[in-house]
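These protein sequence lines are chains U and L, in that order. Counting in our numbering, the first sequence runs from 104 upward without gaps. Counting in our numbering, the second sequence runs from 104 upward without gaps.
Pairs involving identical chains hold if they fit within one copy or between any two copies, as the list cannot separate such chains.
In silico lysine-lysine, DSS-like type, Cα no more than 27 Å apart, as pairs:
# : residue 1 : residue 2
1 : 232       : 289
2 : 206       : 229
3 : 213       : 289
4 : 289       : 229
5 : 254       : 289
6 : 124       : 277
7 : 277       : 232
8 : 163       : 206
These are calculated hints, taken from the structure and not from any lab test.
If you want the building blocks of each chain, they are given just below.
2 protein chains.
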Amino acid sequence: MKGMLFVMSGPSGAGKTTIVKAVLSELEGVEFSVSYTTRPRREDEVDGVDYFFVDEKTFKSLIEKGEFLEWAEVHGNLYGTSKNFVESCLNNGINMLLDVDVKGALNIKKIFKDGVFIFVAPPSFKELKDRLVKRHTEDPNNLEKRIEDAKFELSQISKFDYLIVNTDISASVKQLESIIISEQLKISRFGEFVGKYNFYKSKDGVDL
Amino acid sequence: MKGMLFVMSGPSGAGKTTIVKAVLSELEGVEFSVSYTTRPRREDEVDGVDYFFVDEKTFKSLIEKGEFLEWAEVHGNLYGTSKNFVESCLNNGINMLLDVDVKGALNIKKIFKDGVFIFVAPPSFKELKDRLVKRHTEDPNNLEKRIEDAKFELSQISKFDYLIVNTDISASVKQLESIIISEQLKISRFGEFVGKYNFYKSKDGVDL
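Put together the whole structure using the sequences plus the hints.
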């Protein structure tokens with residue numbers, strides 16, 4: 104059985120990366136897809152774990168080779184998801200969790216129509232702005248751009264499958280876990296099992 | 104906002120009642136709908152909590168008054184779900200969890216098309232038989248009838264939304280909780296919120 108693709112998205116400052124990290128450390132049976140980026144590494148980030156940090160020249164050569172499932176410029180930096188990596192994991196039955204910006208998520212949705220797309224929103228727009236300010240990594244120009252971007256991103260919510268309103272981190276973590284667990288329980292995922300126990304309709308019958 | 108209806112079903116001996124009771128004691132925001140039955144009360148059951156235990160005459164008068172959302176004869180006993188009770192809870196925004204046999208669930212599905220229908224199956228048919236035998240409450244005739252009924256019931260799985268294969272009770276409890284949590288996060292449940300933050304499309308706009 105193929106793996107399932109879960110795509111977590113939302114505006115910067117909504118808290119998606121914190122939620123994703125917590126779920127990956129707690130929940131078995133789902134793996135993280137590491138993205139490429141040209142953004143400078145923050146102090147607490149590890150190359151190859153949080154992102155593959157590359158320079159712009161390398162990134163552009165990867166674009167030309169068609170290596171990216173999606174890529175986008177976000178706040179002046181480039182981000183990309185490796186197509187080969189994600190596809191080979193899914194083909195090996197591994198469930199994948201991606202953490203991408205909203206434009207990237209919508210691009211992936213065009214290719215993986217049966218992916219599960221989850222939007223993380225702040226409880227209010229004021230709260231989102233406060234979080235961006237408190238993050239201390241933004242210069243004032245960046246901050247303003249992220250706020251403008253967030254307005255656009257929040258207008259895209261209805262294109263997603265699920266919405267997590269991130270008021271409380273532990274509740275949000277439980278919600279993402281619940282989505283990942285329950286999506287695997289949908290009847291459509293059990294073709295073989297349902298057939299096996301469909302005693303009155305299956306041809307070769309019965310495992311009594 | 105109206106409450107959501109979750110209907111838990113499956114053959115006798117699959118373990119649905121155990122799972123439902125555990126979830127109701129652990130998870131907030133969902134309430135149990137108590138069914139009527141003419142089946143004799145078991146020692147560990149409480150009238151008005153596990154079932155409303157009534158005699159056949161009372162039950163039949165309730166049928167005539169149209170009091171039941173669904174009712175069915177199962178293994179020679181009558182079971183019914185009170186229509187008024189469920190509908191008034193849902194209209195008051197209360198999420199309801201029902202524990203009914205497979206025929207009853209499929210009847211309810213005709214009325215509540217946006218209900219969430221969950222099937223609990225044993226890991227194997229042999230395991231189901233073993234559980235029925237161990238339960239000690241069955242005389243041999245009942246046992247044989249329940250096994251025949253289970254074959255029919257298992258053939259109905261594909262009409263449900265979710266399947267829980269009950270190999271391990273604590274895993275199954277977590278799975279039912281996950282279904283109840285994640286169904287409430289579907290985008291379609293957030294009409295008002297999504298509109299509120301849809302800055303570029305809403306008319307009266309903006310909560311900045």
